[in-house]
Amino acid sequence: MKKIIIATKNKGKAKEFKELFAAYELEAISLNELDNIPDIEETGTTFKENAALKAEQIASLLSLPVIADDSGLMIDALDGRPGVYSARYAGEDKSDEANINKVLAELQSVPEEERTARFICVLAVTIPDSVTTYYTGYCHGKIAKAAVGDYGFGYDPIFIPDGYEQTMAQLTAEEKNAISHRRNAIKQLETNLKKQDLFLDNR
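In terms of our numbering, the sequence shown has 512 at position 141, counting the first letter as 1, and numbering is strictly consecutive.
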């Protein structure tokens, strides 16, 4: 099976990518499975900049094709927040529970029809000695009044996708992967998998 490096140490995100890429007979290897890989500081001000920072630095270190993503939640009533700061919205310890509680507190007086939001995922694909390419996916929905569900990670317990009555955290992995922002970004990438010869045997 061909291999691809996923530039993340987030276990939840790595699990999703492994499940998504398995359909393409690609073995996704996260940074947690590799030794001596430093943390890449996300100093960009946009999702695209942060994705590129991770993909390009890891590709340079390993001399292999790398996919990195930067993703987050954008809430209309909060002028697009938490945005690029989604993971650390309530502090640098990156607590999902604290982030969710902060969002719910800020939206406490916002009526249901104004709680529209979207998940965004920007994929950066870096091949050594080549130009980085980008693919963007969205999942539109609204913010629930309370956290519900045991699956997923991040803001999934408070995000209700359009066309559903359950939160993302109440959906099975298969259901979520069919509609997620990462899945929609990967759909854009799919047509380029063979054409660009992105993924090598890495022997």
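The set of hints was computed from the structure by calculation and includes no laboratory data. Check before you lean on any hint, since a few could be wrong.
[What the hints assert, rightly or not] Here are the simulated PhoX-like pairs of lysine-lysine, each with C-alpha atoms no more than 25 angstroms apart in a straight line:
1) 465 to 389
2) 384 to 513
3) 382 to 419
4) 465 to 386
5) 516 to 380
6) 513 to 465
7) 558 to 386
[As the list claims (entries may be wrong)] If you anchor each label on the Cβ, the simulated ranges turn out as follows:
8) 500 to 520: 23 to 33 angstroms
9) 485 to 561: 29 to 39 angstroms
10) 517 to 406: 15 to 25 angstroms
Quick caveat, the model's predicted, so the values are computed rather than measured. Virtual Cβ for every residue (Gly too), placed ideally from N, Cα, C.
Evaluated hints:
Among the hinted pairs, residue 465 with residue 389 is consistent with the structure: their alpha-carbon atoms are about 22 angstroms apart, no more than 25 angstroms. Between the alpha carbons of residue 384 and residue 513 the distance comes to roughly 21 angstroms, so the proposed pair stays at or under 25 angstroms and holds. Of the supplied pair hints, the one linking residue 382 and residue 419 holds, its CA atoms being roughly 21 angstroms apart against a limit of 25 angstroms. Distance restraint check for residue 465 and residue 386: the Cα-Cα separation of roughly 18 angstroms lies within the 25 angstroms cut-off, and the hinted pair is therefore satisfied.
Restraint check: the Cα-Cα separation between residue 516 and residue 380 comes to about 30 angstroms, which exceeds 25 angstroms; the hinted pair is violated. Among the hinted pairs, residue 513 with residue 465 is consistent with the structure: their alpha-carbon atoms are about 22 angstroms apart, no more than 25 angstroms. Distance hint between residue 558 and residue 386 is fulfilled; the C-alpha atoms sit about 18 angstroms from each other, no more than 25 angstroms. Between residue 500 and residue 520 the CB atoms are about 44 angstroms apart, so this pair departs from the stated range of 23 to 33 angstroms.
Between residue 485 and residue 561, the C-beta spacing of about 35 angstroms keeps the proposed range 29 to 39 angstroms intact. Separation of residue 517 from residue 406 is about 41 angstroms and departs from the stated range, judged on CB atoms against 15 to 25 angstroms.
When each numbered hint is compared with the structure, violations occur for hints 5, 8, 10.
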